[in-house]
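All chains should be built: construct the whole structure from the sequences, respecting the hints.
Residue numbers (the numbering used here), protein chains in the order written: chain A, 6 to 342; chain B, 5 to 792.
Be a bit skeptical, because a hint or two may be false.
[To be verified] Derived CB-CB ranges, DEER-like:
| hint | chain 1 | residue 1 | chain 2 | residue 2 | range |
| --- | --- | --- | --- | --- | --- |
| 1 | A | 280 | B | 296 | 53 to 61 Å |
| 2 | B | 435 | A | 280 | 31 to 39 Å |
| 3 | A | 121 | B | 296 | 57 to 65 Å |
[As the list claims (entries may be wrong)] A few chain A residues that face chain B, going by a derived Cβ cut-off under 7 Å, partial list only:
| hint | residue |
| --- | --- |
| 4 | 138 |
| 5 | 144 |
| 6 | 259 |
| 7 | 334 |
Because the hints were derived from the structure by calculation, they are not lab data. The C-beta atom is built at its ideal place from N, Cα and C for all residues, glycine as well.
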Amino acid sequence: MITDITAAKDAALAHIVAATTVDEIVALATRYAGKKGEFANLKKQLGGLDTIDEKKAAGAAVNDAMIAIDAALDERRSVLKSAALVAQVEGERLDLTEFFAAPTRGHAHLVTQAWERLEDVFVGLGFTVAEGPEIETDWHNFEALNMPIGHPARGEWDTLFVDHVPPDGQPGTTVLRTHTSPVQIRTMLAEEPPIYIVAPGRVFRRDTPDATHMPVFHQIEGLVIDRNITMADLAGTIDAFTKAYFGPGFNSRLRPSYFPFTEPSAEFDIQRPDGSWIELGGSGMVHPNVLLACNLDPDEWSGFAFGFGIDRMAKERHGVGDLRDMYADDKRFVEQF
Amino acid sequence: MKILLSWLNEYGDFGDPTDAVAVQRVADALTSLGLEVESADVIGETVDGVVAARINRLEGHPDAAKVQRVYVDAGDGQERHVWCGADNISEGDIVPLATLGTQMPNGMKIERRGILGIDSEGMLCSAQELGLGDDHSGIRLLPAGTQLGQPYGEALGLSLDVLIDADVTRNLPHCFGYVGIARDLAAKMGVDFRPPIPATVITGDARTTPVEIVDGDRCSRFASTVISGVEVKPSPEWMANRLAAAGMRSISNVVDVSNYVMLELNQPNHAYDLDTLGGGGFRVRVASDGEHLTTLDGQERAFSSADLLICDGNDTPIGVGGVMGGLDSEISSGTTTVALEMAWFSPIGIGQTVTRTNLRSEASTRFERGVDPHGMPLAVLRFAELLSETCPDLVVHAGGADAQSSDLMPADRTVSVRVDAVNRVLGTTLVADDLPALLDPIGYTVSGAGETRTVVLPTWRLDSTAEIDVVEEIAKHYGYDRLGSSVPKSVLHGGLTERQQRRRLVREVLLGLGISEAMPNPFLAPGALAKAGLPAQAISITNPLVTEESVLRTSLRPGLLEVIAYNESHRQAGMSLFEIGHVYPPSESELPAEYEALTVVLAGREAPAAVAVWRELAANLGFGARVDQSKVPAGLHATRSATLQAGKAPLGAVGEVAPEVLAAFEVTERVAILEVNLDELLDRNAKPAQWKQTSRQPSSDLDLAFTLSNNVPAEKLEKAVRQGAGKLLVDVSLFDVYRGTGVAEGHRSLGYRLRLQAGDRTLTDADIASVRRGVEAAAAKLGAELRS
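Right, here's the structure in full:
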């Protein structure tokens, strides 16, 4: 019987080694190692042997054979599984560079990109963001800003007027806002100081479009009203903005200028790390007449304001040569940024 | 304001024009006073090859109306022929001739270039062509008696100089005059200020020209002084050179002195020939409507009651007050006695006339900003002093008229200045005793003691009226760069409002869906709204740049359709765009009913694409709205569009643009569109999503297909499915829509997949059968039949 067992084992091991698929292994496992398999049958025949010793010897031989077969099945199964995986993966090869389709992401407008960057910097400096209407009353756009009717400086704003007439009002007193300063007025009227706001927004001037001017463009203004605010605070805030927005190597300076709504007034310039200067915007201490127009006592409250163009920031950051291109919404332009 | 440095140096030792470092110091000091230096150019470098030549004769040419043939003698015994377009030359004049081969400052080389086949052997030069200033109105004439062939630089006594161009802001009216600039600059640079002190005295017998000011609010002072012994002749070269630097051509000694005094003392003035002055006096009054006068520039103009006229004693207009003289009031070569006008005109009045007539002059610019109403006596004497250089027999007569109205600004205006108010604004730690040193040198005279001082405001600073104006002067003379730098200690924290954060979310969602942002012009052409199928009622700009951009949009639709049309015409189809922007519907309120809108246009896509964008946006914002196809929005596709309804208010529209609208915009693609009132969307805060426990029990899926009439919205069936399914339903999705064989005409099959789950047990077949019955019954109420 031992001889039969050994022969059966050798035959089974030869079959297992010769198997080429996992399915074959499954079949061979049933045939040899299953509950009704060959060796299970051989085990059943052990009872027919004559002596205990024979039974013992044959039983040990069957067990050894079954262990060897299980090991062989496991090993062969593992080899075949690995090979199958390798074959599957190999068969699924893709050339990923065939799939370089054009990206489908949308493109935010350059003005929006600059606008949000600026908002984020000022939010980091402790400002909130205020908004207001684009069509304004003459009072909010000029009068409250220390430009009474007939003030000569009004002429410098190239104002666009609209045919809206307020109830009980005069024609010609509704304007497309020429700056976002009316938002400052509205904020001072609506809120108690302290006020720390920036007002980004769309503004309008009667300017013929060219490479650097558009009749419709965007600016951002800042306003701080608090106790004991000084011109040094204006200089420090401009400088903090300069470093936060442009980078640590940039500096700023104030230089005397004139605006009706601030006094003292200053232009502010930014110095690049190479020493050259960029004229950026206007600023100054809020004029007492503006505070009075907003029911604030100039002896109690003081503040500063500043403003500059958003479009120009976008234009310079991306080297756009002509502002008109920024507003043409041509696909070839839009998808560059 | 053009500032010639050598001229400025007459009033203080500011800097040698040939020393670049000194020039830079002057420029920096001007900038620190608020006079922004635009440029500082070296001038007076002479051009080699330009020599003095005499005009022998002038000839016209029948085929060249604008130029003359000029024959000149440059002293070398050979007559040259040149063409010349200037009209200020006559026979015998000595002129600068650029000979052949001369390299001009602008880069041009003088060549034998001809007109009508006749060569030009050189060029006669204007002051501008020689780099002597801005004047290009005629040839720069050289002094009579100049040796022919002499280089023009020698003949003019030119030396190297610097011409500074500085911006004069509205708060520096005195800086339109050299003396005003010099006073401030001397204080800033710490050099001695030397104002002109005329040596002239009034010696003549009394001669009066009566002056009547009728409209004293427009002209508060009008002085007229009689000066005799005038001989009209050319100016000395030094004066002509200085005027040329300011862009003014030398005309005659009288006109030049008039201009010189204006530039030096910022006092515009006008000299009338007394012998031809009608009525021998002046009357200052507003014009009657339609009154005519030919001004010095040769134009006949009509005036109105908004304009002030200078009239002679007979009430005949002879000038526009503070703006420009009349053509007939010019002095002539034979003038011997002048009535010299020095007056003060109201800035607002001048502004009115300038705006209305578009007539401006050096004088109107100065009066509009504000001239010293008390500077006339000095200016009169200075005028006489300068004129006496060429008119040795000049006599200034006593008895000059000095008419003043009650509107004349007093000379002794004062304000109180509190040193703590100064420090509060500037952040400085000044004491009251610091104020005189900062203010006195610039003419703000400080007096008194204690913490509050009295400051007499200078008469030349009409802009200065209040304490804060003095604070600004202190800041400038103390130095902006010395004010320090600090950051306010805010008790607030920065941030975006909910609304602003939601606006950013809307953008992010749309960008993530592959839609780009556009910003077309908010100004529309008349008719653009109607073309887009929208009501035409809108607000218009009353003074538009062009009519095509004069209507304020009430919808973002026309602008975006234009963008699609533009891109299509450049072979760029299939643009997906959105815009977030204000629209301005008319209203009866104080301001128009302006609100923020969002429009999405998807070119080359059909209505479902726009619905998908809406669903995505609504899901991200936690917002629901009913898609009501029974109301077709104006200008959209009648069978493929719906109103978005949030509560009772329409929130917007979704669907496709109507074919006739697309045709009107010349768009050939289909365009899916979503229009939303963003104010509604942004102002409604979504509550934070609340936790629902996820079940640990197994779930089952149930697929049900119904046949439903095309007239009943699928949305309604889905609602019925949800109702009928009851509490066990956790999700439902429409996975199949089918029309065709097996489904009745006018109907479609809608397949829904229901996921069912209980929180506490495994579902039984009975549960599922019960859901099925419930759904079937609810659907039946809409006329939907379960397909087996």
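So, going through the hints one by one against the coordinates:
1. Roughly 59 Å separates the CB atoms of residue 280 of chain A and residue 296 of chain B, a value that falls within the hinted 53 to 61 Å.
2. Taken as a hint, the range 31 to 39 Å holds for the pair residue 435 of chain B and residue 280 of chain A, whose Cβ atoms sit roughly 37 Å apart.
3. Separated by about 59 Å at the C-beta atoms, residue 121 of chain A and residue 296 of chain B satisfy the suggested range of 57 to 65 Å.
4. At a threshold of 7 Å, the smallest CB-CB gap from residue 138 of chain A to chain B is about 5 Å, leaving the interface hint in force.
5. Checking residue 144 of chain A against chain B: minimum C-beta separation of about 10 Å lies over 7 Å; hint violated.
6. Annotation: interface hint on residue 259 of chain A holds; nearest CB of chain B at approximately 5 Å, less than 7 Å.
7. This hint holds: residue 334 of chain A has a C-beta 4 Å from the nearest C-beta of chain B, less than the 7 Å allowed.
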